[in-house]
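**Q** Single-letter residue listing:
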Amino acid sequence: MSKVIACYKWVADETDIKVNADSTLDISKAKGKISDYDRNAIEAAVQAAGALGGTAVALTFGTPKAKQSLKDALSRGPAEACYINAEEAARADGAVTAKALAAAVKKIENVSLVVCGEGASDTYARQTAPRIGAVLDWPVITSVSSVRFDGNALIAVRRLEDCMQTVKSELPAVIAVLPEMNSAPIPGLKAVLSAGKKPVTEFKAGDLGVDFAPKTTVSALKAYAMNRKSVIFSEGEIADKVKELTAALRKEGVL
Amino acid sequence: MGDENFDAIVIGAGPAGIACAYTLAKQGKTVLVIERGDSAGSKNVTGGRFYTYALEMVDRGLTAEAALERKVTHEQIMMLSGNRAISVDYYDPSFNRVGGTAQSFTILRAVFDPWFAGKAEEMGATVVCGIRVDDVIEKEGKIVGVIAGGDEMYANVVVAADGVNSFIAQKAGLIKDIESHAVAVGVKEIIELPAQTIEQRFNLKSEEGAARLILGCTEGIHGGGFLYTNKESISLGAVFMPEEVARHGRSLPEMFQEFKMHPAICPLLEGGKTVEYGGHLVAEEGYRGIPKKLYREGFLVCGEAAGFVVNLGYTIRGLDLAVLSGLAAAKAILEAASPAKVGPAYMQQLEAVKLLPIMRALDGFTDALDIPNLFGTYPKVAADLFQKLYAVDGSVPDHLRKQIWGVVKGNKLTLRQLFADGIRGMKAL
Chain S
1 MSKVIACYKW VADETDIKVN ADSTLDISKA KGKISDYDRN AIEAAVQAAG
51 ALGGTAVALT FGTPKAKQSL KDALSRGPAE ACYINAEEAA RADGAVTAKA
101 LAAAVKKIEN VSLVVCGEGA SDTYARQTAP RIGAVLDWPV ITSVSSVRFD
151 GNALIAVRRL EDCMQTVKSE LPAVIAVLPE MNSAPIPGLK AVLSAGKKPV
201 TEFKAGDLGV DFAPKTTVSA LKAYAMNRKS VIFSEGEIAD KVKELTAALR
251 KEGVL
Chain A
256 MGDENFDAIV IGAGPAGIAC AYTLAKQGKT VLVIERGDSA GSKNVTGGRF
306 YTYALEMVDR GLTAEAALER KVTHEQIMML SGNRAISVDY YDPSFNRVGG
356 TAQSFTILRA VFDPWFAGKA EEMGATVVCG IRVDDVIEKE GKIVGVIAGG
406 DEMYANVVVA ADGVNSFIAQ KAGLIKDIES HAVAVGVKEI IELPAQTIEQ
456 RFNLKSEEGA ARLILGCTEG IHGGGFLYTN KESISLGAVF MPEEVARHGR
506 SLPEMFQEFK MHPAICPLLE GGKTVEYGGH LVAEEGYRGI PKKLYREGFL
556 VCGEAAGFVV NLGYTIRGLD LAVLSGLAAA KAILEAASPA KVGPAYMQQL
606 EAVKLLPIMR ALDGFTDALD IPNLFGTYPK VAADLFQKLY AVDGSVPDHL
656 RKQIWGVVKG NKLTLRQLFA DGIRGMKAL
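From first to last, the protein sequence lines are chains S and A. Just so we're aligned, residue 1 is where the first sequence starts under the numbering used here, counting upward by one. Just so we're aligned, residue 256 is where the second sequence starts under the numbering used here, counting upward by one.
Be aware that one or more of the hints could be misleading.
[Said to hold, decoys possible] Covered stretches of chain A (in silico footprint by chain S; criterion: 3 or more residues with CB under 8 Å from a CB of chain S, positions within the stretch not fixed):
1) 581-591
2) 612-619
[Said to hold, decoys possible] Here are the computed lysine-lysine pairs in the DSS-like style, where the Cα-Cα straight-line distance is at most 30 Å:
3) S:Lys67 with S:Lys168
4) A:Lys486 with S:Lys18
5) S:Lys18 with A:Lys281
6) S:Lys197 with A:Lys281
Calculated from the structure, these hints are not laboratory results. C-beta: ideal position from N, C-alpha, C; glycine also.
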């Protein structure tokens, strides 16, 4: 039976991230969550598995902390989960992530489709799907808005800047889906309870034969701050203030 | 036992529900806890002080592991009137002997509840968050399960620990919709400040904490304020009687903002950052607010859903009572020989763990705190008296008795009224 893989990332919940006075980020108190768009990817994989008569497998590459994501991922419908448990995930770039995920896909065998979210909700780098395709040498379709299957072919509609494009590809393939793919329903009680009983395969870093050394390193991570000019026109009559304001806006090139 | 039939389903992962689940799971029972919030503790607006004896009754040594903030070493009462303030600070190291368990701690429920839920999970309970229980399932007059998130789930006993205004107890027909006089409406903010700043402002050593109740901050409305120092934040709140708020004409956030801006409160908060702002109801009637029946066959009500909260004016107790009730429910489920005997056993356990005796003993406070002058006039009288005592401007002061009488008259109080309120207070307590 063919397998459809849903790749997801366990990220820090951005609502819990604090910005320190020096613009650095404090994520020590942030809870984890499945990256928002990856929830759509999981649902898309579950639906695709249904359409293909296969089973959906949730796959993640993360630090030991990501282990807590498995129940959540499985409650969303996949029949099983695979977890690449590696401290190196904390420093991984797009290339390392893709190599790790692709290695796991090879281990799982008989995979007909890999579904990723278009981008992660922390970095939104949009690297994972294309790079997995490159490693596996499978066709890649990004920005997927909807998908259907015709025998061993996949027909995807892509949302591009100013048009929709329909493409057809043989399976196996890798797709990156947009959140508009589906509504990613909140799991029900029974789904949550059954999640704990589903099988989980854990790969350790060494099991995959992948070089985890990243080619890129993060040298700084800082909050984006808008420097405002904070000019207040408080002197004089209203008409004068308006004149001053419009003059200032013209000077700035806003008007 | 199949997948969908548990020994117990507990609704709500607050202290009551978790104390029950923990105790049951520890004895090998299959327990499912269903929590509506995304995580345990995410739906509440408790001040937060926790009396540790209750946790020790659940399991000896639990307090040492618990996610707590500061041990309460400073018990404080504050009265505000206009821009004036009177503070009482009771410091008693015997409540917090070195090497022993401190009597009470301030807590943040968003931290404490997930910790406690995790302990129940370690014992083998299943805790599912983010799902609301919509209804109970009834068969032949018994409660046999719940409908939650579109699924039916069955259990020998359903324990409603879903907090004040319990929809589940309503669905089970044990209580009616809440009445406005039975509850107060509260506003609470958590304001972050560095630990050192908090320690300086409240005169605390590291790990020490203050718990403060405040009178005269509700514009004469029945109610009061509270302030708890956490490790790196202050929980500040105020509760008001909803009926009087409706007549008063000013919004809660407006009155709360004014309270925060009070010259005796504002400097405590200065430079802090609001990280949480919430509103909630709280049961206000103490013992007499407890529903007539707390059980049906296959169904128990625990915690604030059962009205287990007492406001004493100088402290508020709810979390410890919640834990006691959850423990009582679990003990009843464990010991009852047949399903029909669980309910009566629960009532016995509520006596045995001293929950009902405690609430009965404190019943009078509900009347004492019902004296209308307590919330505006008396704080003002007290402040006026202090003003007379402390004002020194070189003039010849009146005789003390005359000063007091002047203050009483100036506040349009009669001796008879003072006497009546005094008698009322004495009788109640």
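**Q** Give a verdict on every hint.
**A** Now the hints, each set against the structure:
1. Requiring three or more residues with a Cβ within less than 8 Å of a Cβ of chain S, the coverage given for the region 581-591 of chain A is violated, as only 0 such residues are present.
2. Against chain S, the region 612-619 of chain A contributes 0 residues with a C-beta closer than 8 Å to a partner C-beta. That does not satisfy the three-residue criterion, and the hint is violated.
3. At most 30 Å may separate the alpha-carbon atoms for a hinted pair to count; S:Lys67 and S:Lys168 exceed this at roughly 36 Å.
4. Between A:Lys486 and S:Lys18 the alpha-carbon distance is near 17 Å, which keeps this suggested pair within the 30 Å criterion.
5. Our distance criterion of 30 Å between C-alpha atoms is broken by S:Lys18 and A:Lys281, whose separation comes to about 38 Å.
6. At roughly 21 Å between alpha-carbon atoms, S:Lys197 and A:Lys281 fall within 30 Å of each other, so this suggested pair holds.
Of the hints listed earlier, those the structure fails to meet are numbers 1, 2, 3 and 5, in rising order.
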